[in-house]
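The whole structure should be built from the sequences, with the hints applied where relevant.
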Amino acid sequence: MFRVLENDEIAPKVHRMVVEAPRIARARQPGQFVIIHCGPQSERIPLTIADARNGTITLFIQAVGDGTREIVSIPAGGDIRDIAGPLGSATHIKAWGRVVCVGGGVGTAVLYPLAKALADGGNDVTTIIGGRSAPFIILRDELAAFSKEVLVTTEDGSMGTKGFVTTELRRLMDDPARRPSAVFAVGPVPMMSAVAEMTRPDGIETIVSLNPIMVDGTGMCGGCRVSVEGEIKFACVDGPEFDAHKVDFRELQSRQNTYKEACCRASAASSPAA
Amino acid sequence: MATPLSTKERMQIARVHMPEQDPCLRACNFSEVNLGLGEALAIQEAQRCLECKNQPCVTGCPVGVRIPEFITRVAAGDFSGAAEILRADNALPATTGRVCPQETQCEEVCVRGKKGEPVGIGWLERFVADWASEHMAPPQPPPERTGRKVCIVGAGPGGLTAAGELARMGHAVTVFEALHDTGGVLRYGIPEFRLPKSIVDREVENLRSLGVAIECNVIVGKTITVDQILQEFDACFIANGAGLPVFLDVPGENFKGVYSANEYLTRVNLMGAYRADAATPVARGSTTVVFGGGNVAMDAVRTARRMGSQRAIIAYRRTRAEMPARLEEIKHAEEEGIEFMFLVAPLEIFGDDKGWVRAVRLQRMELGEPDASGRRRPVPVPGSEFELPCELAIVAIGTRANPLLSNACPGLKLNKWGNIEIDDNGMTSIPGVFAGGDIVRGGATVILAMGDGKKAAGGIDRYLRELSPNSKAA
Ligand SMILES: Cc1cc2nc3c(=O)[nH]c(=O)nc-3n(C[C@H](O)[C@H](O)[C@H](O)COP(=O)(O)OP(=O)(O)OC[C@H]3O[C@@H](n4cnc5c(N)ncnc54)[C@H](O)[C@@H]3O)c2cc1C
Ligand SMILES: Cc1cc2nc3c(=O)[nH]c(=O)nc-3n(C[C@H](O)[C@H](O)[C@H](O)COP(=O)(O)OP(=O)(O)OC[C@H]3O[C@@H](n4cnc5c(N)ncnc54)[C@H](O)[C@@H]3O)c2cc1C
Ligand code: SF4
Ligand code: SF4
Ligand code: FES
Numbered sequence: 362m363f364r365v366l367e368n369d370e371i372a373p374k375v376h377r378m379v380v381e382a383p384r385i386a387r388a389r390q391p392g393q394f395v396i397i398h399c400g401p402q403s404e405r406i407p408l409t410i411a412d413a414r415n416g417t418i419t420l421f422i423q424a425v426g427d428g429t430r431e432i433v434s435i436p437a438g439g440d441i442r443d444i445a446g447p448l449g450s451a452t453h454i455k456a457w458g459r460v461v462c463v464g465g466g467v468g469t470a471v472l473y474p475l476a477k478a479l480a481d482g483g484n485d486v487t488t489i490i491g492g493r494s495a496p497f498i499i500l501r502d503e504l505a506a507f508s509k510e511v512l513v514t515t516e517d518g519s520m521g522t523k524g525f526v527t528t529e530l531r532r533l534m535d536d537p538a539r540r541p542s543a544v545f546a547v548g549p550v551p552m553m554s555a556v557a558e559m560t561r562p563d564g565i566e567t568i569v570s571l572n573p574i575m576v577d578g579t580g581m582c583g584g585c586r587v588s589v590e591g592e593i594k595f596a597c598v599d600g601p602e603f604d605a606h607k608v609d610f611r612e613l614q615s616r617q618n619t620y621k622e623a624c625c626r627a628s629a630a631s632s633p634a635a
Numbered sequence: 040m041a042t043p044l045s046t047k048e049r050m051q052i053a054r055v056h057m058p059e060q061d062p063c064l065r066a067c068n069f070s071e072v073n074l075g076l077g078e079a080l081a082i083q084e085a086q087r088c089l090e091c092k093n094q095p096c097v098t099g100c101p102v103g104v105r106i107p108e109f110i111t112r113v114a115a116g117d118f119s120g121a122a123e124i125l126r127a128d129n130a131l132p133a134t135t136g137r138v139c140p141q142e143t144q145c146e147e148v149c150v151r152g153k154k155g156e157p158v159g160i161g162w163l164e165r166f167v168a169d170w171a172s173e174h175m176a177p178p179q180p181p182p183e184r185t186g187r188k189v190c191i192v193g194a195g196p197g198g199l200t201a202a203g204e205l206a207r208m209g210h211a212v213t214v215f216e217a218l219h220d221t222g223g224v225l226r227y228g229i230p231e232f233r234l235p236k237s238i239v240d241r242e243v244e245n246l247r248s249l250g251v252a253i254e255c256n257v258i259v260g261k262t263i264t265v266d267q268i269l270q271e272f273d274a275c276f277i278a279n280g281a282g283l284p285v286f287l288d289v290p291g292e293n294f295k296g297v298y299s300a301n302e303y304l305t306r307v308n309l310m311g312a313y314r315a316d317a318a319t320p321v322a323r324g325s326t327t328v329v330f331g332g333g334n335v336a337m338d339a340v341r342t343a344r345r346m347g348s349q350r351a352i353i354a355y356r357r358t359r360a361e362m363p364a365r366l367e368e369i370k371h372a373e374e375e376g377i378e379f380m381f382l383v384a385p386l387e388i389f390g391d392d393k394g395w396v397r398a399v400r401l402q403r404m405e406l407g408e409p410d411a412s413g414r415r416r417p418v419p420v421p422g423s424e425f426e427l428p429c430e431l432a433i434v435a436i437g438t439r440a441n442p443l444l445s446n447a448c449p450g451l452k453l454n455k456w457g458n459i460e461i462d463d464n465g466m467t468s469i470p471g472v473f474a475g476g477d478i479v480r481g482g483a484t485v486i487l488a489m490g491d492g493k494k495a496a497g498g499i500d501r502y503l504r505e506l507s508p509n510s511k512a513a
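Note that the protein sequences, when read in sequence, are chains A and B. Just so you know, we're using the numbering used here here: the first sequence kicks off at 362 and counts up by one. Just so you know, we're using the numbering used here here: the second sequence kicks off at 40 and counts up by one.
Calculated directly from the structure, the hints in this document are not laboratory data. No experiment lies behind these values; they were computed from the predicted model shown. Any given hint could turn out to be false.
Derived coverage of chain A by chain B (criterion: at least 3 residues anywhere in the stretch with Cβ under 8 Å from a Cβ of chain B; other residues may be distant) [stated by the list, open to error]:
{"no.": "1", "region": "382-390"}
{"no.": "2", "region": "443-456"}
{"no.": "3", "region": "577-583"}
{"no.": "4", "region": "596-603"}
{"no.": "5", "region": "609-620"}
DMTMM-like, lysine to aspartate or glutamate: derived pairs with alpha carbons at most 25 Å apart [unchecked claim]:
{"no.": "6", "chain 1": "B", "residue 1": "Lys236", "chain 2": "A", "residue 2": "Asp443"}
{"no.": "7", "chain 1": "B", "residue 1": "Lys393", "chain 2": "A", "residue 2": "Asp412"}
{"no.": "8", "chain 1": "B", "residue 1": "Lys92", "chain 2": "B", "residue 2": "Asp61"}
{"no.": "9", "chain 1": "A", "residue 1": "Lys621", "chain 2": "B", "residue 2": "Asp391"}
{"no.": "10", "chain 1": "B", "residue 1": "Lys236", "chain 2": "B", "residue 2": "Asp61"}
{"no.": "11", "chain 1": "A", "residue 1": "Lys607", "chain 2": "B", "residue 2": "Asp288"}
{"no.": "12", "chain 1": "A", "residue 1": "Lys594", "chain 2": "B", "residue 2": "Asp391"}
{"no.": "13", "chain 1": "B", "residue 1": "Lys393", "chain 2": "A", "residue 2": "Glu592"}
{"no.": "14", "chain 1": "A", "residue 1": "Lys621", "chain 2": "A", "residue 2": "Asp427"}
{"no.": "15", "chain 1": "A", "residue 1": "Lys607", "chain 2": "B", "residue 2": "Asp392"}
{"no.": "16", "chain 1": "A", "residue 1": "Lys455", "chain 2": "A", "residue 2": "Asp604"}
{"no.": "17", "chain 1": "B", "residue 1": "Lys452", "chain 2": "A", "residue 2": "Glu590"}
{"no.": "18", "chain 1": "A", "residue 1": "Lys621", "chain 2": "B", "residue 2": "Asp128"}
{"no.": "19", "chain 1": "B", "residue 1": "Lys236", "chain 2": "B", "residue 2": "Asp128"}
{"no.": "20", "chain 1": "A", "residue 1": "Lys594", "chain 2": "A", "residue 2": "Asp609"}
{"no.": "21", "chain 1": "A", "residue 1": "Lys594", "chain 2": "B", "residue 2": "Glu387"}
{"no.": "22", "chain 1": "B", "residue 1": "Lys92", "chain 2": "B", "residue 2": "Glu173"}
{"no.": "23", "chain 1": "B", "residue 1": "Lys47", "chain 2": "B", "residue 2": "Glu90"}
{"no.": "24", "chain 1": "A", "residue 1": "Lys594", "chain 2": "B", "residue 2": "Glu292"}
{"no.": "25", "chain 1": "A", "residue 1": "Lys607", "chain 2": "B", "residue 2": "Asp128"}
{"no.": "26", "chain 1": "A", "residue 1": "Lys607", "chain 2": "B", "residue 2": "Glu387"}
{"no.": "27", "chain 1": "A", "residue 1": "Lys594", "chain 2": "B", "residue 2": "Asp288"}
{"no.": "28", "chain 1": "B", "residue 1": "Lys393", "chain 2": "A", "residue 2": "Glu558"}
{"no.": "29", "chain 1": "B", "residue 1": "Lys455", "chain 2": "A", "residue 2": "Glu592"}
{"no.": "30", "chain 1": "A", "residue 1": "Lys374", "chain 2": "A", "residue 2": "Asp412"}
{"no.": "31", "chain 1": "A", "residue 1": "Lys607", "chain 2": "A", "residue 2": "Glu590"}
{"no.": "32", "chain 1": "A", "residue 1": "Lys621", "chain 2": "B", "residue 2": "Asp316"}
{"no.": "33", "chain 1": "B", "residue 1": "Lys393", "chain 2": "A", "residue 2": "Glu612"}
The C-beta atom is built at its ideal place from N, Cα and C for all residues, glycine as well.
See the structure below:
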């Protein structure tokens, strides 16, 4: 059992939870995640460790489906049955100089510890966060605490620049005084793919944190496999961070849809006509 | 109680039949296939044992169960006496009685098998273990404590056996398990219809009542390192299994609907995807092809059948004679309508425009010269390629050592396959750190892992006795 110490809704359906997990907190490095499992009928849900201190870990969780909803419904003082981690490889931090960190939707939560580690590592961090509209923009102040600049984009223009994160990224890349030597992007697959295509012609090193569907998170099932330069990699152990220019995003997107589509297939398969 | 039978009388008793669920029914449910022997059948089967002086059957058992001793008691109707013997020799008898490949172990060397059928040792073991769990109190920890602390990595059969042995010796035992539940392959791999999870729960409960502490969600190498374990504990036994799935390395392997057997079985068993109330989904299809010919392939294909596949097909590179699966599983699979395609190997997996598997391309093989394993090597037949439409493809061609633990423990000596090397006592290159089971052997069997656990427990006990008296338990 893992005691929930804090649980605040910081944006619509986005919760910041602080949970007691001394062993995980002690071992955790930026870029790593945990897998949470609430009970015998629940799924195992991977979540990035945003911060770890004093025997606690901090998580930012967007309630998108049953699994994440179940987790955020546990109040402060309640317990989470299973938390396993820290999983995945730590972010490889080096001194790039000027870096741009791009977060889309709940990817911003995954981006946060990565951006912070980059800033702590002496890099000059500019952050771009994007979302559908103003309420979906999360962690702006938290990111501003260590970013040189935080740029916001919304699709409807209700906050910051109207458009996509790539709109701002293009501007930065075209400005010789702000042009990054590395880009870190976390968000929906189409966003990461778009960022990769934007930086590829200029040869700007680009790292993405991938979020395939996972089960165990320890390399046992192979469900999280992604093609990187044509080779099978397990995102839970070899990643989750990879060189964006080598990732097969189309395959990743397709595999992420597995269980959205699986039930339609099953009903088609079992109907007598099929 | 019956008077003892003469050898001649015993020889005349034929092997009993295991009552089973009807194949048509069981192909649609997850309840156990074998229903177990009742008391009368068990006594009858036990009476077939000749109580051989030299006990060949015992040498066929990796944990040395005193087979004739316990069977004699069954024959006499003394089930609790039989259970005492079993419990002392075998930490998980309800499990091994169900999943041991008896035909290549204890029963292979049973004298009665020379002319006719061997004694149903596994079935009797199962009977006694099930009887004991209903009628006997769980085992208790010994009153004398050694004050030593031992850590076990992995709650699979290897780790659980070592834990039980060490607890019985009076050591304080803690098991660290990576997943959220115990049992290892017994829980996530072997399906409910072969090994009900209530049995695994019960065996684990028995260990808990022996005083074994089990902590799940601890991934050694990630949550805690072996070095840190050695600061807290006097010794450690690593039994983290060989849970890294091997893929086919053919084009199309990442299409949706292509699973490793580990993932497919984990979704269904550990995560309960066959139950209506489980959150974890699993893809279904009207035709499922499973690559492989071992127990894992058999479990995957029979599971797919139960999950609704009208056609559930085994595609195996060799022939039936070379299949490593337990005989009983092959027989049960055949009865359940599983199709077997022998001498075929996958060349490519095809997908539809949505990225779902729609067919596999296979090539026919023929058997050539024996390979290193002594089995005849399959050789491709040129021009024999053909396509087999399917909606699910499951890869069950083996597993390798998972490097999660060893990567974080550079002092641990590995062989070229990444398996941990041990000495005759089961000790690794790090003093006080022992290992056994699949992580040492590569994919093997439950009972071999348990044998390793038992041997390592002995090694650990000797190691602890030689340590200076100041323990970490203080
Ligand atoms: C390494 C890793 C780190 C992650 N870190 C965070 C985090 O810090 N905060 C956070 O809120 N989320 C994070 N996620 C995503 C989170 O795990 C998923 O949102 C969650 O598993 C969805 O489960 P569910 O039952 O709530 O929703 P479901 O009902 O399973 O799905 C709801 C919607 O989410 C999509 N979805 C399902 N699984 C994933 C997935 N793995 N990634 C993205 N979308 C998915 C589905 O396609 C569907 O549209 C991370 C994922 C990974 C793999
Ligand atoms: C589907 C299937 C069917 C099988 N059928 C049979 C059969 O019928 N008969 C038979 O004899 N054998 C069978 N086997 C083989 C048998 O199950 C294995 O040989 C046996 O389970 C090995 O035991 P083990 O204790 O070494 O490892 P495992 O059972 O693999 O257990 C290892 C445990 O360690 C945990 N672990 C892994 N890494 C870590 C870590 N870093 N930290 C903490 N914990 C960790 C795992 O989660 C797991 O619980 C089958 C195997 C499979 C996959
Ligand atoms: S443990 Fe396995 S090998 Fe040993 S007697 Fe029992 S069934 Fe036979
Ligand atoms: S070899 Fe067979 S008959 Fe002889 S003691 Fe063992 S089980 Fe009984
Ligand atoms: S989640 Fe199972 S191998 Fe990565």
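For this session: Take a quick look at whether Lys607 of chain A and Asp128 of chain B sit within 25 Å of each other, Cα to Cα.
Result: Violated. Lys607 of chain A to Asp128 of chain B sits at ~54 Å, over the 25 Å cutoff.
For this session: Take the C-alpha atoms of Lys455 of chain A and Asp604 of chain A, compute the straight-line distance between them, and say whether it is at most 25 Å.
Result: Distance of about 15 Å is within 25 Å: holds.
Problem set entry | Hint consistency between Lys594 of chain A and Glu387 of chain B [alpha-carbon to alpha-carbon, up to 25 Å] | OK: Lys594 of chain A and Glu387 of chain B at ~19 Å, within 25 Å.
Problem set entry | Check of the region 443-456 of chain A against chain B for coverage (Cβ-Cβ below 8 Å, three residues minimum) | With 6 residues close enough to chain B, the hint holds.
For this session: Please count how many residues of the region 609-620 of chain A have a CB within 8 Å of a CB from chain B and say whether that reaches 3.
Result: holds (count 6)
Exercise. Keeping to a limit of 25 Å between CA atoms, is the pair of Lys236 of chain B and Asp443 of chain A held or broken?
Worked result: holds (19 Å)
For this session: Quickly compare the C-alpha distance for Lys621 of chain A and Asp391 of chain B to 25 Å and report which way the hint goes.
Result: Distance ~16 Å between Lys621 of chain A and Asp391 of chain B Cα, so the pair holds.
Exercise. Are Lys607 of chain A and Glu387 of chain B close enough, with their CA atoms no more than 25 Å apart?
Worked result: holds (23 Å)
For this session: Please work out if Lys393 of chain B and Glu592 of chain A have their alpha carbons no farther apart than 25 Å.
Result: holds (21 Å)
For this session: For the pair we were handed, Lys47 of chain B and Glu90 of chain B, check the Cα-Cα distance against 25 Å.
Result: Distance of about 13 Å is within 25 Å: holds.
Exercise. Given the hinted pair Lys594 of chain A and Glu292 of chain B, is their alpha-carbon gap at most 25 Å?
Worked result: holds (12 Å)
For this session: Below or equal to 25 Å on CA atoms is what counts here, so check Lys455 of chain B against Glu592 of chain A.
Result: holds (21 Å)
Taken one by one, the earlier hints fail for this structure at numbers 4, 7, 8, 17, 18, 22 and 25, listed in ascending order.
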